[in-house]
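Protein chains in written order, with the working numbering: chain A, 1 to 206; chain B, 207 to 871.
The hints are simulated quantities; they were obtained by calculation from the structure and are not laboratory data.
Since the structure is predicted, the reported quantities are computational estimates derived from the model, not experimental observations.
Hints are supplied without guarantee of correctness; some may be wrong.
In silico DSBU-like pairs for lysine-lysine, Cα to Cα no more than 30 Å straight-line [as the list claims (entries may be wrong)]: (1) K632(B) / K507(B); (2) K203(A) / K871(B); (3) K199(A) / K187(A); (4) K203(A) / K719(B); (5) K530(B) / K199(A); (6) K871(B) / K88(A); (7) K227(B) / K101(A); (8) K158(A) / K507(B); (9) K66(A) / K227(B); (10) K567(B) / K676(B); (11) K227(B) / K91(A); (12) K719(B) / K791(B); (13) K101(A) / K218(B); (14) K791(B) / K632(B); (15) K218(B) / K200(A); (16) K203(A) / K158(A); (17) K187(A) / K158(A); (18) K632(B) / K727(B); (19) K871(B) / K199(A); (20) K627(B) / K719(B); (21) K727(B) / K627(B); (22) K218(B) / K243(B); (23) K567(B) / K88(A); (24) K203(A) / K66(A); (25) K199(A) / K676(B); (26) K218(B) / K35(A); (27) K676(B) / K218(B); (28) K632(B) / K158(A); (29) K563(B) / K507(B); (30) K162(A) / K632(B); (31) K243(B) / K91(A); (32) K676(B) / K158(A); (33) K871(B) / K627(B); (34) K35(A) / K91(A).
Covered stretches of chain A, going by a simulated chain B footprint (3 or more residues, C-beta under 8 Å) [what the hints assert, rightly or not]: (35) 35-44; (36) 50-57; (37) 69-79; (38) 89-96; (39) 149-155; (40) 188-194.
Ideal Cβ positions, reconstructed from N, Cα and C, are used throughout, including at glycine.
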Amino acid sequence: MMIGLVVNYANRGNENFGNFWTQNMVLEKQDLSDKPDDGELIELANNGSRAAFAMLLERHYMLIYKIAYQWLGHQSDAEDVTQEVCLKLAKVLKSFDGRAKFSSWLYRIVLNVVRDMQRSRGRQNKRHIALKDITQANSPASQEEATTYSQMWQAVRKLPQKQCDAVLLVYGQELNHFEVAQIMDVKESTVSWYVMEAKKSLKGLL
Amino acid sequence: MVKKTDKLDILKNAEAPEPSKARRAQNLEAAMLAFDKEQQEQLKQKNKTFQGNGLMRRLMSIFNNKRRTFNMDMRIPLGGVAIIGLVLLPLALMYNSTTSLTGLNSPLGQPVQEKKDMQLSEDLNKEKPAKLEERTRSENDGAIVLDNAAPVAESEVSEMAVSSPAIQMESKLAQRPEPLGMVAPAPTIMDGQAGDKFSSEDESSLFITAQNPVSTFSIDVDTASYSYVRSQLENGIMPNPDAVRIEEMVNYFSYDYQAPTSANVPFMQSVEVYPTPWNEATKLLHIGIKGFTPELSERPKSNLVLLIDSSGSMNAPDKLPLLKRSFSLLLNQLDENDTISIVAYAGSAGVVLEPTKASEKRKILKALERLSAGGSTAGGQGIELAYELAEDAKSEGSNNRVILATDGDFNVGISTPDALKSFIEKKRDDDISLSVLGFGSGNYNDELMQALAQNGNGNAFYIDSFLEAKKVLSEEILGTLMTIAKDVKIQVEFNPLTVAEYRLVGYETRALKREDFNNDKVDAGDIGAGHTVTAIYEITPVGSSAISVDALRYQNEKPVSTIGNKQEYAFLKLRYKLPNEDKSKLIEVPIRVDAAKDNIADISPEFRFGASVAAFAQKLRGSNYADNMSYEEIEALARDAKGEDRFGYRAEFISLVDIANSLSK
Chain A
1 MMIGLVVNYA NRGNENFGNF WTQNMVLEKQ DLSDKPDDGE LIELANNGSR
51 AAFAMLLERH YMLIYKIAYQ WLGHQSDAED VTQEVCLKLA KVLKSFDGRA
101 KFSSWLYRIV LNVVRDMQRS RGRQNKRHIA LKDITQANSP ASQEEATTYS
151 QMWQAVRKLP QKQCDAVLLV YGQELNHFEV AQIMDVKEST VSWYVMEAKK
201 SLKGLL
Chain B
207 MVKKTDKLDI LKNAEAPEPS KARRAQNLEA AMLAFDKEQQ EQLKQKNKTF
257 QGNGLMRRLM SIFNNKRRTF NMDMRIPLGG VAIIGLVLLP LALMYNSTTS
307 LTGLNSPLGQ PVQEKKDMQL SEDLNKEKPA KLEERTRSEN DGAIVLDNAA
357 PVAESEVSEM AVSSPAIQME SKLAQRPEPL GMVAPAPTIM DGQAGDKFSS
407 EDESSLFITA QNPVSTFSID VDTASYSYVR SQLENGIMPN PDAVRIEEMV
457 NYFSYDYQAP TSANVPFMQS VEVYPTPWNE ATKLLHIGIK GFTPELSERP
507 KSNLVLLIDS SGSMNAPDKL PLLKRSFSLL LNQLDENDTI SIVAYAGSAG
557 VVLEPTKASE KRKILKALER LSAGGSTAGG QGIELAYELA EDAKSEGSNN
607 RVILATDGDF NVGISTPDAL KSFIEKKRDD DISLSVLGFG SGNYNDELMQ
657 ALAQNGNGNA FYIDSFLEAK KVLSEEILGT LMTIAKDVKI QVEFNPLTVA
707 EYRLVGYETR ALKREDFNND KVDAGDIGAG HTVTAIYEIT PVGSSAISVD
757 ALRYQNEKPV STIGNKQEYA FLKLRYKLPN EDKSKLIEVP IRVDAAKDNI
807 ADISPEFRFG ASVAAFAQKL RGSNYADNMS YEEIEALARD AKGEDRFGYR
857 AEFISLVDIA NSLSK
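Only chain A is shown next, with the shape it has when bound in the complex (with noise of 0.2 Å):
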């Protein structure tokens, strides 16, 4: 008897808002030929248009999964985090306010979602890492020079997490530290202090 209910109210949803989707279609039509900005994409997919989501999801794909890469640095990693901010996306597009920037709020998905993935993966690569860990720091020490790149990112990703962030949006996505500030949703003096931790700890490297 439930059940029934819902179905039924489900379908005269349909039949109500019919109107509105064909509508819908015709606006996307002429909106996406000249170039619509991210504003107009988000409007149009949180009115229903899924060519508008897909075009969004098209133009910030790779704005993601490079995000993802930089913080995890493993590509299946990376992909993985990418195809979750992409699903959730769709369910949170409507969310998005436009009081920042799209890619400011984009990022903070972005790195939440990084953040879940670390966790719940965290306990199960624990042992995985530390093993890896180990056998390089058994490798020779010839090449240093080659290696301090790859040091400074390993030590930038080990870093308390805030500063980990703060460095990585200053440098790694060349943010300035107001949109950083906007992205961590601190102050911008914080986002200082942050990158100014981050090189105390680094100055081995630095």
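Assemble chain B onto chain A, guided by the hints.
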């Protein structure tokens, strides 16, 4: 500073490998499906509201919408909603250790879950004070419990501790209290070490082989001294020579000595003899021991009791707040087989958390969060309570350990240090060990903490930074939690035909009597999984120009006979017990003259780096023997032997040598 910055610029050249096209198509398709589903979902919802489906839902959706706009950053539910709260909490704690959970958001549209969580924390709060009080009352007659769930009272207490000069002045003259919430590093106090206590040990003296051919000592894997020295140097203070313990400085670093392959042979020893970097006429006999590293999964279940000093003196950013963050790191390394309990001592002893599965992170972190600093210290009673909990939570084959975190205050409680030591010793025989984590400076009682840890089969660490906490509680946790060999003793008999004089570098507090070596009842240091231990002797070969003692005129000191003739420098004996055995095993290795290297460059960088640390430590101690090696030479030796240095610890050491050099000028 500006120049250094540029180095980070290499981060921007990160080239991500091209993402897989197939994966991309898959991902996009999945997202489109999710999008479609979401649209349907929304229609359904709208429709229901449209149909006037109850006031509740409408109210709820207003509520939700509000949340949405206010929290554009936040985590959005995607299934495993229940976990999110649990997962967020440690994170929030880690970086926000003293403020409460402001950044927390419950997921949209999950009112049921939210309620549950609230219920949960309510239960927690309700149940704690009751238990706390009950426990405390039974333990100490009528003492007041400071740490309960009433946040107002709590903050008042800590405020008082901060602002009342009377309390502070008494015992903590050097201590400058900082507001608890500040996580930024406190400004350095130049006389910051004034209140820190260290025992003054004379440097191990030189022995004449003919008179005293045997040297016996217990190994030591503590590292506290290094981190203390580091924090002093980094604040621009030359450390107190008594704070420098050479073996702890050397053992801070992990050396890549040859490793054993099975747990039955818990460690391997490597020996090198090479020219002393600070004295051309002598040689170093360098003994390296590497412990077996088992799989993490083979770790025995741990029953840990955190005994936390929450006295007024802990009220500084590098103490209690750092401690809280450090323990959340430890939690990440544990799982549902492990139990955690928390006892605080502050004015009176109280149980903050009854034994709880380590997988219940939320509960544990909440308990930790409730801790605040204030009041005087009664370490003794806290210790009794902690051991009681450890006893309660003991189970078959578990590794039972009390982890004491303090800045070194033990003013009240078990009255004398000796009584405390014997108490811990007794408990050690009941299979409960003690590890000590030292925090902060100004009040640090190094000697007592050392003594406690040594008597408790444990180890002592000094946590001066979050990175150090990471090293101790995360990277090297296996060694801290899992003992692979206990009562490890080293005895070296030197051959008077080849070695005229010798001295042990460091290990002053670890010397044993010759007869103690074969006596299994005599306690000695333990080796944890993956630990490395280094011991260095400086030996003066027969005929060397460095022999400091003239031959006697009236005595014939010629040794009667030796088996090895001039083939051997010494004979090394190691004794150890497997963790669950009481009878010791013996390893014997002759150290041959012809195996000695003539050039320090011929030995592996692992040994050379160890030698450079030993040189530095001796110089800081004002040693009579190694003082003529300059800081520049030490730095060069260390730099040359840095190796891959994955975690940057060796690079950090080099910078410390540099700081000491500039401070000494």
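> Out of the numbered hints, which ones does the structure contradict?
Replying inline: Checked against the structure, the hints that fail are numbers 4, 6, 22, 28, 30, 33, 35 and 40, while the rest are satisfied.
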